[in-house]
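S.K.: In the order they appear, the protein sequences are chains W and V.
Counting along the first sequence from 1, when you hit position 103 you're at 120 in this note's numbering, and nothing is skipped either side.
Counting along the second sequence from 1, when you hit position 133 you're at 894 in this note's numbering, and nothing is skipped either side.
One or more hints might be untrue.
[Unchecked claim] Here's a subset of chain W near chain V, in silico, CB distances under 7 Å, partners left out:
1. 46
2. 48
3. 71
4. 74
5. 85
6. 130
7. 170
In short, the hints are calculated from the structure, not lab data.
Just so it is clear, CB atoms sit at the ideal spot from N, CA and C, and this is done for glycine as well.
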Amino acid sequence: MADTIASDDPFSGDERRTLLALVGAVIPASAKHAVPGADDPAIAADIVATARPYHETIAAALSHLESMAMQRFDTGYADLDPVSRARLARELTRSRFAGVGTLVTITAQCYYRDDRVMQSLGMDARPPFPQGFDVPQGDWSLLDPVRRRGRIYKIP
Amino acid sequence: MTDSVDVLIVGAGASGAAVAWSLAETRMRIVCLEQGDWMNPLEYPSTGRDWEARGFGDMSISPNRRGRETDYPVNDANSPISVANFNAVGGSTILYAGHFPRFHPSDFRVKTLDGVADDWPIDYQTLEPFYAENDRMMGTSGLAGDPAYPPKESVMPPVPLGRAGEAIAKGFNELGWHWWPSDTAIATEAYDGRDKCINLGACSSGCAQGAKASTDITYWPHAVRAGVEVRTRCRVREIAVNGQGMASGVVYFDRDGVEHFQPAEVVIVACNGVGTPRLLLNSTSGRFPDGIANTSGLVGRNLMFHPYASIQGVFDEPLDGYQGPGVCIWSQEFYETDPNRDFVRGYTYEINRGRGPVATALAGMFSDRIPFGDGHHDAYRQLFKRIAGMVGICEDLPEEHNTVTLDPELTDGHGIPAPRIDYTLSENSRRMLDHAVARATEVLEAAGAKDVITEAPIGVGGWHLMGTARMGIDPERSVVNEWGRSHDVRNLFIVDGSIFVTSAGVNPTRTIQALALYIADSMKNRLANLFD
Ligand SMILES: Cc1cc2nc3c(=O)[nH]c(=O)nc-3n(C[C@H](O)[C@H](O)[C@H](O)COP(=O)(O)OP(=O)(O)OC[C@H]3O[C@@H](n4cnc5c(N)ncnc54)[C@H](O)[C@@H]3O)c2cc1C
Ligand code: SF4
């Protein structure tokens, strides 16, 4: 295929364009929260790589999205304004079209492990192991009324 | 043909490990065949940034989604609840959450108390010493004095309440309802060569810290040191019988796909509530045309799952989120039968601390609480670390039409017929789920939740597999006797959740293992006349 970007990348150039337009519409950049959108180059590369095994179903969803855009707006999906892109993506997700749910899931997986995004949420940009986390003991005196009430099990 | 062994165990999960360890002191030659591998905790998801994503992939709870070479497929299309398991040394304990409740005394007497299902042929007192022995081997944490149980000790202090536990405990207190720190199979102190829990929060995709008691790091090291041999990547196709109607050994495929026959004096099946009936049904012969040990026709029948309700609240304040073990506190306010309700038996609530960043996004986006496009980030931040709630674990009563059979087409990588599940949710379960959702909503609202997200039953929640080779005294109404021996084949034993008569309203593994230890003890006490 002439428009394939990398030899092991099953997504064609057109598919990739639609995919990026979709993920960027689902999670856009935000100046207020100082976070990139899911179409940020590093995050998008992660999404495309993660989506590879699901290429067939995702490509079918992307092509359906293109036809929806053509039918309703007489233009390609990537050329729509962000609000219309988000609306079409939401509609297709609600209709449970195979492949869209997978792509949205992968988008969330890749987006919410990006350093910049994690840091903006107050997280350390690291895996849980080996440092772990601190969880407070909490107030064990809350058990007092439970103790006062006494036994509740049945003896057969 | 290989040398005969004294005891051959199939399956190295929760029950296979316990029975192997207990029998090891006899110095018999014991071999365990396990289709999976030893796991390497350093490869568990919590060691990487993609820890949540891997829960949807190679460490998914669904064998069909995981599709590892060591897995077998399960056709569960005809069930509202799909099967969850793991196949490795440690079995499904590799992924389990480590909720570790015992059954209640009343659970063994449901026919007498409520006129439903059957009583067990054993009682709570019979299992009590084996519960305690298992607690020491697994290393349990909790707090003595739970008013919902007869007195029991705990090996280690409980896991922390945390912010989520504290918030929800206040909700229970507001309503005057029972709650207590959960008994867990999680080490809160260094224990038996394992390190203490450091709140990674990824317990259900393997504990890299070694705090969670999966049997590959509890029973197995002790059993192996005592001389038990574990052969991994060995998938058993069938149990063979001899002319006397005794099990003569098993046929299995090794890691290279080569078929072997392993002769044995005693065969113990520990493949779980789906794997065990599958193996028995695959073991046909002239004497047992419908599967070994199946003259009652009950192998594969009475499958019980525990329908789960998930009830999650959204709070204003940040709670624990992804930090801390999935286990926290429980409530057994609605555990025992109450004639004023429209269902019999009852359920346990287990409180969840929260969700990871990805799970939060998915919960929000798929329930329309987080919009696509503008508004995503503000809405996300209203949910992140602010979701906490509980699951209701409903007692599932045995019904013969809920079955594990052999799929006519689907097979595993060795061409062995795969299991097929046919299961319907009973009216009793439906009502219990509705009750669990309604009461939990009250708790969460009392705790200050401003929104409640529910799912009942949890579709992916077939993690408790029970009842498909039930125990009993009557050979026409049960598959194994009151100490785990097949009624039909006197050197064949079953030790996993298949032998449950009823499911109780709690997670099963502590009882599965106590039963396995009790069966091993019964065998040791009868060694001279085991086959009489
Ligand atoms: C996600 C998840 C969460 C859970 N959470 C909890 C919890 O919090 N508390 C709780 O009590 N329980 C929980 N459980 C259930 C718990 O893991 C099981 O009850 C327990 O592991 C069952 O023990 P078992 O010995 O019957 O079977 P398993 O532990 O499943 O072991 C069976 C073993 O047999 C092997 N096997 C099967 N067939 C063959 C064959 N033909 N040849 C060779 N080997 C074979 C399998 O590979 C497997 O390793 C959870 C389970 C899951 C999946
Ligand atoms: S929370 Fe504790 S038990 Fe769970 S994975 Fe982390 S260290 Fe292990």
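S.K.: Given residue 46 (chain W) was flagged as interface, is its beta-carbon under 7 Å from a beta-carbon of chain V?
M.R.: violated (9 Å)
S.K.: Regarding the hint that residue 170 (chain W) lies at the interface with chain V, is the smallest CB-CB distance below 7 Å?
M.R.: Result: holds, 5 Å to nearest chain V Cβ.
S.K.: Using 7 Å as the Cβ threshold, decide whether residue 48 (chain W) counts as touching chain V.
M.R.: Constraint on residue 48 (chain W) not satisfied, violated at 10 Å.
S.K.: Is the hint on residue 74 (chain W) kept, meaning its closest Cβ partner in chain V is under 7 Å away?
M.R.: violated (14 Å)
S.K.: Hey, does the residue 130 (chain W) contact hint survive, CB to chain V under 7 Å?
M.R.: holds (5 Å)
S.K.: Could you check if residue 85 (chain W) really has its C-beta closer than 7 Å to a C-beta on chain V?
M.R.: violated (14 Å)
S.K.: Are residue 71 (chain W) and chain V close enough, Cβ to Cβ, to be under 7 Å, as the hint says?
M.R.: violated (11 Å)
Figure legend: structure checked against the earlier numbered hints; hints not met, in rising order: 1, 2, 3, 4, 5.
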